[in-house]
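Here the protein sequences line up with chains A and B, keeping their order.
Just so you know, we're using the UniProt record's numbering here: the first sequence kicks off at 1 and counts up by one.
Just so you know, we're using the UniProt record's numbering here: the second sequence kicks off at 1 and counts up by one.
Bear in mind the hints are in silico, worked out from the structure with no lab data behind them.
Glycine residues also receive a C-beta, built at the ideal position from the N, C-alpha and C atoms.
Hints are not guaranteed to be accurate.
To be verified - Derived coverage of chain A by chain B (criterion: at least 3 residues anywhere in the stretch with Cβ under 8 Å from a Cβ of chain B; other residues may be distant):
#1 175-181
#2 198-210
#3 240-249
#4 278-286
#5 394-403
#6 423-435
Unchecked claim - Restricting the straight-line Cα-Cα distance to at most 16 Å, the calculated cross-link-like pairs of lysine to aspartate or glutamate (EDC-like) are:
#7 B:LYS397 x A:GLU403
#8 B:LYS254 x A:GLU184
#9 B:LYS416 x A:GLU403
#10 B:LYS151 x A:GLU311
#11 A:LYS111 x B:GLU311
Number of protein chains: 2
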Amino acid sequence: MHIEIYDTTLRDGAQGEGVNFSLEDKVLIARRLDEMGFDFIEGGYPLSNPKDAEFFQRMVAEPLKHSKVCAFGMTRRRGVKPADDPGMKALMESQAPVITIVGKTSDFHVKEVLRVSEQENIDMIAETVEYFVQQGREVIYDAEHFFDGWKANAEYAAKTIAAAASAGAMRIVMCDTNGGTMPEEVARIAGEAAAKVDKPLGIHTHNDCELAVANSLAAIDAGAIHVQGTINGLGERCGNADLISVVANLALKKQGYEVLEQGELDHLTELSRYVYEIANMSYRINQPFVGSSAFAHKGGMHVHAVNRVAESYEHIAPETVGNERRVLVSELSGRSNIIAMTTKHDIDEDKALMDRILREVVDKENAGYQFESAGASFDLLVKRISGTYAPHFELVKFHTSVESRGGQPVTEATVKLLVDDQVRHEVAEGDGPVNALDAALRKALNGSFPNLRGMQLVDYKVRVINSEAATAASVRVVIESRDADGEVWGTVGVDENVIQASWDALVDSIEYKLCKDEGKMA
Amino acid sequence: MHIEIYDTTLRDGAQGEGVNFSLEDKVLIARRLDEMGFDFIEGGYPLSNPKDAEFFQRMVAEPLKHSKVCAFGMTRRRGVKPADDPGMKALMESQAPVITIVGKTSDFHVKEVLRVSEQENIDMIAETVEYFVQQGREVIYDAEHFFDGWKANAEYAAKTIAAAASAGAMRIVMCDTNGGTMPEEVARIAGEAAAKVDKPLGIHTHNDCELAVANSLAAIDAGAIHVQGTINGLGERCGNADLISVVANLALKKQGYEVLEQGELDHLTELSRYVYEIANMSYRINQPFVGSSAFAHKGGMHVHAVNRVAESYEHIAPETVGNERRVLVSELSGRSNIIAMTTKHDIDEDKALMDRILREVVDKENAGYQFESAGASFDLLVKRISGTYAPHFELVKFHTSVESRGGQPVTEATVKLLVDDQVRHEVAEGDGPVNALDAALRKALNGSFPNLRGMQLVDYKVRVINSEAATAASVRVVIESRDADGEVWGTVGVDENVIQASWDALVDSIEYKLCKDEGKMA
Chain A
1 MHIEIYDTTL RDGAQGEGVN FSLEDKVLIA RRLDEMGFDF IEGGYPLSNP KDAEFFQRMV
61 AEPLKHSKVC AFGMTRRRGV KPADDPGMKA LMESQAPVIT IVGKTSDFHV KEVLRVSEQE
121 NIDMIAETVE YFVQQGREVI YDAEHFFDGW KANAEYAAKT IAAAASAGAM RIVMCDTNGG
181 TMPEEVARIA GEAAAKVDKP LGIHTHNDCE LAVANSLAAI DAGAIHVQGT INGLGERCGN
241 ADLISVVANL ALKKQGYEVL EQGELDHLTE LSRYVYEIAN MSYRINQPFV GSSAFAHKGG
301 MHVHAVNRVA ESYEHIAPET VGNERRVLVS ELSGRSNIIA MTTKHDIDED KALMDRILRE
361 VVDKENAGYQ FESAGASFDL LVKRISGTYA PHFELVKFHT SVESRGGQPV TEATVKLLVD
421 DQVRHEVAEG DGPVNALDAA LRKALNGSFP NLRGMQLVDY KVRVINSEAA TAASVRVVIE
481 SRDADGEVWG TVGVDENVIQ ASWDALVDSI EYKLCKDEGK MA
Chain B
1 MHIEIYDTTL RDGAQGEGVN FSLEDKVLIA RRLDEMGFDF IEGGYPLSNP KDAEFFQRMV
61 AEPLKHSKVC AFGMTRRRGV KPADDPGMKA LMESQAPVIT IVGKTSDFHV KEVLRVSEQE
121 NIDMIAETVE YFVQQGREVI YDAEHFFDGW KANAEYAAKT IAAAASAGAM RIVMCDTNGG
181 TMPEEVARIA GEAAAKVDKP LGIHTHNDCE LAVANSLAAI DAGAIHVQGT INGLGERCGN
241 ADLISVVANL ALKKQGYEVL EQGELDHLTE LSRYVYEIAN MSYRINQPFV GSSAFAHKGG
301 MHVHAVNRVA ESYEHIAPET VGNERRVLVS ELSGRSNIIA MTTKHDIDED KALMDRILRE
361 VVDKENAGYQ FESAGASFDL LVKRISGTYA PHFELVKFHT SVESRGGQPV TEATVKLLVD
421 DQVRHEVAEG DGPVNALDAA LRKALNGSFP NLRGMQLVDY KVRVINSEAA TAASVRVVIE
481 SRDADGEVWG TVGVDENVIQ ASWDALVDSI EYKLCKDEGK MA
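The following block holds chain A by itself, in its conformation from the complex:
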């Protein structure tokens, strides 16, 4: 049985505290979900803000390959025709092929929050769904407060979903909007609901009782064929069901369900981290399936057993979801990691060299470096320690300044370098101090290294490492660069001074490019 995966990271996920996606962020995430075979991607609520409306225009201009794009909205306002409702117009203008309409299930909400008659609510649901169906759209109906409504007045709740079903909604989604429902209630009510409508059911849960994943699975076991959630469980309050766990459980733990595209399960860890990176959020190290601790073994007894038989303390093989086993607090594990990471350097498992590299990596990591997203800096470190590194230029000095007189600030940087024993002294302006430094550095180097012209910075991230000391704390800068061949590499710098940390990452990025083009990084 194929279970439809409906992602609402871009809409419900964006309701989470501290979550804020730019238009470009949303497009990037949608493309990644599309590649992995998600069935539906809810892009936003076009009436609520211009960014969401623009997202749908981007999807029209550059359509996805597999996933269906969904636009979210509410039932029409009371007393107006759907065609005259601004929300309906915004949904039509989105040109999304699927329209997801949320409506009220609970008589309490109809009376106390919406403040319309029970019949008017039924009409609002039926007319809204019917309107989009007549316009040739597929409609998914999200029944808000479904379980609370059913418990309070099952007869009325059943009428609301029957209205949506008769009006042509292709899925009826049972929403545990407040996240307060227990799994046994989900199972029971889902069974009762299935008997009342002839359309397939879906499930949408929230994690307020730490049961969002369990409730999603309970509904599917009771017959739902469609599940809504977000990557990493982002979302309002305690978040939505984490689709990472839902998908992994359906595919690996339960019998008889198919999800996503064949063979995409081993990209779950990558997907999780990609979304965290785009949202500029820290990973949850103990996140089920994809966290960096999910297959980390600390206790000596467990490490010993895992060394004998991996499955003794692992419920699945970590590779299945693209994750990896780690053994903590062990120099041995360190060395085997380093060996794994240095195979391309052709240093023949030289044990003394490995130890020196390991010590340097540990020292750097203690100082705040992180090489996971900075492989180019790691490769340069290995070259430096093994004595095969010759820098292409030498710093004499750099200087950068920002001055403001209340309006647009003026930013300038100078760099003075030795390149092939020649002094190059250049100045440039920029949008900010790092941009200006980068520009001056290129001016000083482009003459000798014309291949730098095809290289550009594609990402720049800053994180304060020890936040207790505020602006005097250390700062980690990670830069991602790309060249004309499409290769992308990451470099890192750490310093108390954000400018120095940025400089170090910039220099590594350029040195890596120059070494690489000389065939010295292979």
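Given chain A, put chain B in place with the hints provided.
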């Protein structure tokens, strides 16, 4: 029915990556759990390290009032008598009234990991339990890999727990050691196990499938009367069942269960944060029940409804667990959020003013601002728009520069301000450009505003908003400040230039402090 709560934060929780408790930490946590009426507190594994052994001596010297202290250990080694086993000796020396013994349930583990005969494993369990019972201790038997073992060979698994039960163990605890079991399997197997032993059952789960809480509840519904877990779900890999969620669900969501001392439920939030503080870990803002986002409302529709009827988007009243409701401001919010956030500004629900504020918030958020963690900047924005804001100083110019000649960079900043029509022109050095600007700004202002001396920056965060354009993209800076009264406030700045964005956030922070001390932010 009273459900026994068994806390293993100090033992299994300490296996979590990054978790490390000192002896004093352990004593503090134990006392707190004791006050709240936890039935059992597992203090450690006395054989494994001296700190755990010392913990038990402290518990003997200063006994707890309510909770029973438990010492953890394994069954005796193969081929030795319990009285001669160093693990058994360490357990006896702990003087703990309750001994928790873990033993093997799974024939696979007996054969592949322990490498003893099936009968020897049964003898190890029976003799170990019997030994402690004879010494007058209460014994809890933790059946490791219980569900995996039962699925592989139910007959052998049943024999292992029957051996522990006949030997006198007072509780048989079913452990989902690898965290891979589904709730329906837990329910089924718990039912089968109950038919095989005449001692009460307990449950111990791990969160590898994000189902630890659901599995705990499933076992209790199937008849278990004892549940093991940790505060905040600390623990190896993905952690143990979070007792915060287990307790809250049992007390508030399920019928017929009693947990903890009467009236202690409203200390759960405090307990959660206390354990995070002691472990020096960051809170998980979206943690169920106790996270700071657990009752935070961002979407306009939700805020509107919560203002009408709180329970419309809250599954329980936040006070029940000692938490509180919060309203967040964002582009997703409608006028309701603004009204809720501006009640302290005494602007009488002036609709036109609200609309201007909302428009400004939406414009700012489209430009990359985010006010959720920058309430002070939001309050200043409201004051500016409503015309009640008078700045305490005016910028003439600022200048900041960083220069490096290869070693430690030299960083300097100057600021020139008008304060009460007087020119203040100051210079300072710093660890980085923002630190230097902050120092120069304080030099220029401290004379007129001595109350700034008690204020300090406690956090500084930078994020690039549109990462596609790299160093030329916009940057959002969020600063958190604290004053001598312990009040903490957040401010935000956005600009293409990280220095300008930092300046804007710094100025807001200082202006907020000055307005506040004049009673103008009430």
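Consistency of the hints with the structure:
With a cut-off of 8 Å between beta carbons, the region 175-181 of chain A has 4 residues touching chain B; three or more are needed, and the interface restraint holds. A stretch counts as covered by a chain when three or more of its residues have a beta carbon under 8 Å from one of that chain; for the region 198-210 of chain A and chain B the count is 4, and the coverage holds. Evaluation of the coverage hint for the region 240-249 of chain A: fulfilled, as 4 residues show C-beta separations to chain B shorter than 8 Å, against a requirement of three. With a cut-off of 8 Å between beta carbons, the region 278-286 of chain A has 5 residues touching chain B; three or more are needed, and the interface restraint holds.
Restraint check on the region 394-403 of chain A versus chain B: 9 residues with Cβ-Cβ distances below 8 Å, three needed, restraint holds. Remark: the region 423-435 of chain A is confirmed as covered by chain B, as 6 of its residues place a Cβ nearer than 8 Å to a Cβ of that chain, reaching the required three. Distance hint between LYS397 of chain B and GLU403 of chain A is fulfilled; the C-alpha atoms sit about 7 Å from each other, no more than 16 Å. A distance of roughly 10 Å separates the Cα atoms of LYS254 of chain B and GLU184 of chain A; the hinted pair therefore holds under the 16 Å criterion.
For the proposed pair LYS416 of chain B and GLU403 of chain A, the alpha carbon gap of about 11 Å is at most 16 Å, so the pair holds. Between LYS151 of chain B and GLU311 of chain A the alpha-carbon distance is near 15 Å, which keeps this suggested pair within the 16 Å criterion. For the hint pairing LYS111 of chain A with GLU311 of chain B, the CA-to-CA distance comes to about 14 Å; that is within 16 Å, so the pair holds.
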